[in-house]
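The task is simple: from the sequences and hints, build the whole structure.
So the protein lines, in turn, are chains A and B. Per my numbering, the very first residue in the first sequence carries number 1; after that it's consecutive. Per my numbering, the very first residue in the second sequence carries number 1; after that it's consecutive.
Since the hints were derived computationally from the structure, they do not count as laboratory data. Note that beta-carbon positions come from the ideal geometry of N, C-alpha and C, so glycine has one too. Don't take every hint at face value.
Stated by the list, open to error - Subject to a maximum C-alpha distance of 27 Å in a straight line, what follows is the list of computed BS3-like cross-link-like pairs (lysine-lysine):
#, chain 1, residue 1, chain 2, residue 2
1, A, K225, A, K257
2, A, K64, B, K156
3, B, K156, B, K240
4, A, K64, B, K240
5, A, K82, A, K188
6, A, K64, A, K82
7, A, K188, A, K64
8, A, K82, B, K240
9, B, K192, B, K204
10, A, K137, B, K156
11, B, K40, B, K204
12, A, K225, A, K188
Stated by the list, open to error - Covered stretches of chain A, as calculated for chain B (at least 3 residues, CB under 8 Å):
#, segment
13, 53-67
14, 99-106
15, 109-119
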Amino acid sequence: MSNTSHVAELHDNIVAHDLTKSFGAVRAVRGLDLSLQRGSTVALLGPNGAGKTTTIDMLIGLTKPDAGTVSLFGRTPTEAVKAGMIGAMTQTGQLIDYLSVREVVTMMASIYPAPLDVEEALRISGANEFADRQTRKLSGGETQRVRFALALVADAELLVLDEPTVALDVEGRRDFWSAMRAFAARGKTVVFATHYLEEADAYADRIVLMSRGRIVADGAPTEIKATVGGRIIRATLPDVELLALHALPGVTMVDRKGDAITLNCSNSDATLRELLRTYPSVRDIEVRGAGLEEAFLELTVDDEAP
Amino acid sequence: MTELTYLRYEVLRTWRNRRFLLFSLVFPLILFLAIAGPNKHVTFDHVPFPLYYMTGMIAWGTMVAVISSGARIAAERNAGWTRQLRITPLPTWSYFSAKIVCGYMMALLSMAVLFAAGTSEGVRLDTVQWFVMIGLLLVGLVPFAVMGIMFGHLLKVDSLGPAIGGVTSLFALLGGSYGPLIRGGFLLSIVKFLPSYWLVQASKTSLRGGAWPLEAWLVIVVWTLVLSFLAVRVYERDTKRV
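This is how it looks when you write it as structure tokens:
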């Protein structure tokens, strides 16, 4: 019985097991385990160099892992690609020339077994506004929209977007994400990489937080925000139990180096009041917003055993 | 069906690239008219000069056509387009064959234009001779088509122009496109190892109504095999790097 359900799960999910990839001395991805439900929208969130792109490239078969396996709805990445189950917008890339926008999207559609209607893909991506223009005469933002249309037109089971909004302005970003949502609403699985917490928070059902090639947090956006989106209190406080600090209200994570303590807080006001009341001897108090980068550093500080 | 749609757009792109037309078509035509015209009645290497020179220019122009078509892969690699295609169901072979078809299409166009120019300069062949010549040219271009795909994975976009210009000129020169540079002796037996020599010889061969000698077929086959092997190697190296 459990075997049957396991197989069913494999066919419904995207499963990565123990994925590992190094480029020379750089360990880009270190033993990553991940299971993504069909139909969900998942953000891979992390700073530059976290291994997001490498992970995505291994998921879609562009990069061969040093170790580990990937199953896309029960298939290998190569099989899934051949079956036309993947539509992707990689991080960089330009369009081929001597074609109009509509022509290049039509050309791409012809490769897939069951493509989306070309006009539909142009409309969702917003590229319909300049569909007759030559690809050479597009701005950066327009090129991104066409690249999005190329990923959409596959009408693939899995849509992969690697930092798709990098070249877009604020308005362009908003349009992009609402288009992505419209596509995801068709029951498709979407995986996107970003280094903006706000984007991941606003558009994903689930956030996988990566740092230095590992998953450091994984959960619903609210959970992730509680972990990394709060404030950090640093102070000097000798002779205190980590557990006692953890018991303070609003504390999500605690660290201590000598007498210096660091508290990651979801509610720093409450934490600070209680900290001052309970430990009058606390001094050198410093409170600041936990930027994503700092939060990543905090989260991964224990991983840095050589 | 899907392959045809894809191919149609590749052909359209090739046709719209005017630089391509210039080098594979206009230059050989100008050279032909400038040199064959004043030498209409000369016989050269046992062949009427306009026929010899027409075939020479065709060899040069069509070489440029098929090599450039494959070599354009370099630009598409550079743009990240080939990477994009690798996450689509398009088989690698279809991608390459579209490039080869486009190259041959341009080659046929180049031939048609030079045939017309040749006829206007007094070239006369019967139907069989025309077909033999076209057939030999198409076969003789195979190694160059493969060479183009190899260049597409070997070269950077910046070095494409000089590389194609240099290589095709060298092959054309040694093969006798601009006139038989080497007419006998030891060097001739070396030059006979070049596929471009046999491209140029297609005129002479067709006049006799026969096909190439065995050594020509061997040269074409060996060059094709060796270049294919190298093309596969550079392709694998290129796609593994990512």
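Hint-by-hint comparison with the structure:
1. A:K225 x A:K257: With Cα atoms ~25 Å apart, K225 of chain A and K257 of chain A stay inside 27 Å; holds.
2. A:K64 x B:K156: The hint holds at about 24 Å.
3. B:K156 x B:K240: 17 Å, holds
4. A:K64 x B:K240: 8 Å, holds
5. A:K82 x A:K188: This hinted pair holds, its Cα atoms lying about 18 Å apart.
6. A:K64 x A:K82: 16 Å, holds
7. A:K188 x A:K64: 25 Å, holds
8. A:K82 x B:K240: Holds, at roughly 18 Å.
9. B:K192 x B:K204: 14 Å, holds
10. A:K137 x B:K156: The hint holds at about 23 Å.
11. B:K40 x B:K204: Distance of about 17 Å is within 27 Å: holds.
12. A:K225 x A:K188: With Cα atoms ~25 Å apart, K225 of chain A and K188 of chain A stay inside 27 Å; holds.
13. 53-67: holds (count 6)
14. 99-106: With 4 residues in contact (Cβ-Cβ under 8 Å with chain B), the coverage given for the segment 99-106 of chain A holds.
15. 109-119: holds (count 4)
Checked against the numbered hints listed earlier, the structure breaks none of them; every hint is satisfied.
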